[in-house]
Amino acid sequence: MSFEMNYSVIILILTGAACTSAETHHEIHFIFGCFESSDPAVGLEIDGDEVFYGDFNKNSNTCLIADVVFTLPKFVSITPEDKERACEYATISRVWCKDGIAWGKKSEPKIPKIKDAPESTIYPRDEVELGVENTLICFVNDFFPPPVKVNWTKNGMEVTEGLSLSRYYPNKDGTFHQFSSLSFTPQKEDVYICAVVHTALKDPKTREYKVSGSSVGPGPAVFCGVGLTLGLLGVATGISFIYKGKRATESQE
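Residue numbers (the numbering used here): 1 to 253.
It should be emphasised that the hints constitute simulated quantities derived from the structure, not laboratory data.
What you are looking at is a predicted structure, and each value in this text was computed from that prediction instead of being measured.
Any given hint could turn out to be false.
[Unchecked claim] Mimicking DSS-like on lysine-lysine, the simulated pairs with C-alpha atoms at most 30 Å apart in a straight line are:
id, residue 1, residue 2
1, Lys172, Lys113
2, Lys188, Lys172
3, Lys202, Lys154
4, Lys202, Lys172
5, Lys98, Lys83
6, Lys83, Lys106
7, Lys210, Lys83
8, Lys115, Lys188
9, Lys188, Lys205
10, Lys172, Lys105
[Unchecked claim] Okay, the calculated beta carbon distance ranges per label pair:
id, residue 1, residue 2, range
11, Asp203, Leu163, 17 to 27 Å
12, Thr91, Glu208, 20 to 30 Å
13, Gly156, Glu81, 50 to 60 Å
14, Val95, Glu158, 37 to 47 Å
15, Tyr123, Asp173, 21 to 31 Å
16, Asp49, Val197, 27 to 37 Å
Glycine included, each C-beta is placed from N, C-alpha and C at the ideal position.
Given only the sequences and the hints, what does the whole structure look like? Please build it.
Here you go:
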């Protein structure tokens, strides 16, 4: 039987605990995914918030600094030592991936090919005002293996411009989520559909958004956005201190 591994062989979550004081503990997850048909992917999360991710060429023995992307806000200082440590994680994961893929091939067909169908929802980024440019977001969640494909239509016609698709992000349960967005200018009675394609689905899963005839002011979205921004700034600052504290502790050891 041929063995075609077009899905992740291993999605491994290594969990540790770091302390910033004697009473406060935080979860640190180092996640890496191994693929036979594409490059390995790695990342680090603290308390569920991403610190960095990296994609590096599987034909290279080492990670390049340029391959590591820190996702903390710009006001958080990232030192060259931080990037070097992230590269060390990425390089180690390449060795683990090589061993994991070899084990997977040897163990097949005993390993079940698990597939989880995605859930999806569609919503506008901002409160909708007729004639005012906005963004529609199709949020795809709880799928495995990655990735998914998202197609858009407007009034039954395929849309090919103004689209973007995020990379996929891991969930704590081993599934993934991903965002697809469409820039649009809402007009009365326009109908938009996002169709999600995944190996676990027999037919694409569709979600519809219909522009209503009335405009809604942006007030609620503004207040919500301000609150969310302040919350994220607090989270990002906390992550920065945790990450720095962990690195300092390791250097002392």
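Requested in this report: Please write out, lowest number first, the hints stated earlier that are contradicted by the structure.
Outcome: Of the numbered hints, 2, 6, 7, 8 and 12 do not hold.
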